[in-house]
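**Student:** If you want the building blocks of each chain, they are given just below.
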Amino acid sequence: MAARIEPIAGRYVHLTLGGRHCRVYFEEAGGGIPLLCLHTAGSDGRQFRHLMNDAAVTDHFRVIAFDLPWHGKSTPPVGWENEEYRLTTAAYVEAVMAFSRALDLDRPVVMGCSMGGRIVLQLALDHAADLGAVIGLEAADHQTPWYDTEWLHRPDVHGGEVCAALVSGLVGAPAPHEHRWETLWGYMQSGPGVFKGDLYFYRVDSDFRDRVAGIDTRACPVHLLTGSYDFSCTPEDTLRTAAKIKGTEAAIMEGLGHFPMSEDPARFREYILPVLDKIRAARSTA
Amino acid sequence: MIERLFELVNADAALVRRGRFLTTDFLVEVGDEPFHISVQDGRIASVTRGPAAARPWRFAIRASAEAWREFWQPVPRPGYHDLFALTRFGHARIEGDLLPLMANLRYVKEVLETPRRLARSA
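Chains as they are written, first to last, in my numbering: chain A, 3 to 288; chain B, 52 to 173.
Don't read these hints as lab results, they were simulated from the structure. Backbone N, C-alpha and C define an ideal beta-carbon position, used for all residues, glycine too. Careful: at least some of the hints might be erroneous.
[To be verified] Simulated restraints on C-beta separations:
no., chain 1, residue 1, chain 2, residue 2, range
1, A, 7, B, 72, 52 to 58 Å
2, A, 12, B, 64, 33 to 39 Å
3, A, 8, B, 113, 43 to 49 Å
4, A, 3, B, 96, 51 to 57 Å
5, A, 187, B, 141, 28 to 34 Å
6, A, 180, B, 113, 47 to 53 Å
7, B, 120, A, 283, 44 to 50 Å
8, A, 58, B, 54, 45 to 51 Å
[Stated by the list, open to error] Over 10 Å on every C-beta distance to chain A, these chain B residues come out as not near it, computed from the model:
no., residue
9, 64
10, 80
11, 153
Given only the sequences and the hints, what does the whole structure look like? Please build it.
**Tutor:** This is the structure we're talking about:
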């Protein structure tokens, strides 16, 4: 009997980011409208593996997820050993757009989660003409910090253990055991200080409260989906943000937390498939 | 519920192993009632109810009886499902020396969540 082999293919692309050479890993599956997926802080593109194995998605979308430099199978740039990693809004926008150009993606739909959900708002502001739409999962224009990020990178506390233990509560209470722990495994594997460095973007360099009203959803449609169990980006944070962006479609996903695509793929698809259908319908009539 | 930690934790070999590097005393307040939890190499050595004057603890977790009742539901509702969700929304407070807590966070969180199993099996 033939082994089960998934349709996901992984490759490496070489980019220049911030003037430095970066070897970036990405995976993709399917064909059609490019759906570029952005992982959460301190994790990597594996979070989208269920979406890439879902024919209801891949029959119509080319699903692509890349690991930011420092994450997953992407290496940090040469010289990393003497640096403190810190993601900024400008560097994040540059990475997404450089990746999209390198793969020659035609107006990709960009879907990001958590910090990826935050950056799609800036992408919609800066690059509306280059994008088909954005989907922000667990996205808002700002968050109130709920713990001290110093705990994430210090020699007397194991980074992988504490990162996973901190975010464990962000998984929805009903999430299946298998998917809860696979999601947390991603956090246990993050490099030292990488989650903390991502949170520099998330906590310090991305207060978009005064900017998001400038997004033109006629040029770049915006969809926001947030889990009811998310206490980092709360449903209230998302709905407040949606109210500022005219034409935004927002929904709260009951029973889901901060990692919907990986923590409970079956429940997530009930919410994401109608959004993807709507994007596809709008694209075919455009 | 909190008195049951002694049997719930010590009967769980994986949980005891997870806490094998932790020996400490911490305080859990359920409303006005203090409970001193003594941990020895991941095992619960004792759970002592009452004010026990001048008894030391490294860190304390304080919440109302109502908040703990919600927290210990088999599938708690949003906001009551995690120790830090409780603190984020003002239902609980954490005080004291956080190093033993953060260095053993998965263990301590799972210890505090063990009473959920009683409701599940009831």
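**Student:** Which numbered hints turn out to be false for this structure?
**Tutor:** 1, 6 and 11
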